Amino acid sequence: MFGEMKYKAEEEELESIKAIERDSKWLSEHFEEYKQIYEGKIIAVKDQKILSAAANIQELSNKIEEMGEDPRWVYITSIPPKGIVFIL
Amino acid sequence: MRIPLIIRRAYPGEPRVYTFLTLAIRAMRVNGQITAIVDTGSPRTLIAPRDATYLKIPFKILPPSSPKELRVAGFVLPAYSMKDVTLGFLDENKTMRRINMPIITVLGRPVPYRAEIEHLPSIVGTDFLEDNKFAFYFDPHNKISYLEDV
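Protein sequence lines correspond, in order, to chains A and U.
Read in order, the letters of the first sequence are residues 0 to 87 in numbering that gives the first Met the number 0.
Read in order, the letters of the second sequence are residues 0 to 149 in numbering that gives the first Met the number 0.
One chain only, chain A, in its complex shape:
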């Protein structure tokens, strides 16, 4: 159904999504603190810590992979520079 790619097992995927939601909640609680440090960066959060940050996603993905993590299963978001607000 999904071609040749091997997908994460359902139980493993469930645990990953739970962990990513915890990391997303953690960032929501610490946004004020980290916005100062990471303004203008793309950031990766894992286990309720900032795992890495970079100016663009390719650089961040490379850093995460060098740390032995899979960026597809890490909470990745951005803290835009002050002055940018997207009206979607």
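Among these hints, one or two may not hold up.
[What the hints assert, rightly or not] Only some residues are given here: those of chain U computed to face chain A with a beta carbon under 7 Å:
| no. | residue |
| --- | --- |
| 1 | Pro11 |
| 2 | Thr21 |
| 3 | Arg25 |
| 4 | Gly31 |
| 5 | Asp38 |
| 6 | Tyr53 |
| 7 | Leu54 |
| 8 | Ala72 |
| 9 | Met95 |
| 10 | Arg96 |
| 11 | Glu115 |
| 12 | Glu117 |
Because the hints were derived from the structure by calculation, they are not lab data.
Predicted model only: the values in this text are computed from it and were never measured.
For every residue, glycine included, the Cβ atom is placed at its ideal position computed from N, Cα and C.
Could you slot chain U onto chain A? The hints should help.
Coordinates of chain U only, in the frame set by chain A:
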């Protein structure tokens, strides 16, 4: 059954809050997750260029969307159709719920490139809400937001 959403600020200079949903994605040659803003102003669910990059979405095998370009947040972006997508998300009991979307739009980067595009979020649009019969509750004052079956 409710699907809890996360409310937080998204921009350093903007005091207002936004509401986010984490989604597991399965499609042809794609498996990973995104955290998207729920946006009732968007008729389409969109995967942002940043998220498409770390998901390693194979643009070369995706057909162009109709129309081929979309205007999002002031950017004109190439748009592609990713078909037969399964999305998973946690309900209030922390159980994974899965739904199928026939098409999700994936956004490419603009030409010429603009660095601000890295900050554009993925979006859960009204197609997701309407096709799967979800109501959307958003109380920014009390920081409560969720989807609910109707």
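Verification of the hints:
1. Pro11: The hint holds - Pro11(U) has a Cβ within 7 Å of chain A, the shortest such distance being about 5 Å.
2. Thr21: holds, 5 Å
3. Arg25: holds, 6 Å
4. Gly31: holds, 3 Å
5. Asp38: holds, 5 Å
6. Tyr53: holds, 4 Å
7. Leu54: Holds - the Cβ of Leu54(U) comes within 7 Å of chain A, reaching about 6 Å at its closest.
8. Ala72: holds, 4 Å
9. Met95: holds, 5 Å
10. Arg96: Violated, because the Cβ-Cβ distance from Arg96(U) to chain A comes to roughly 11 Å (cut-off 7 Å).
11. Glu115: holds, 6 Å
12. Glu117: holds, 5 Å
Of the hints listed earlier, the one the structure fails to meet is number 10.
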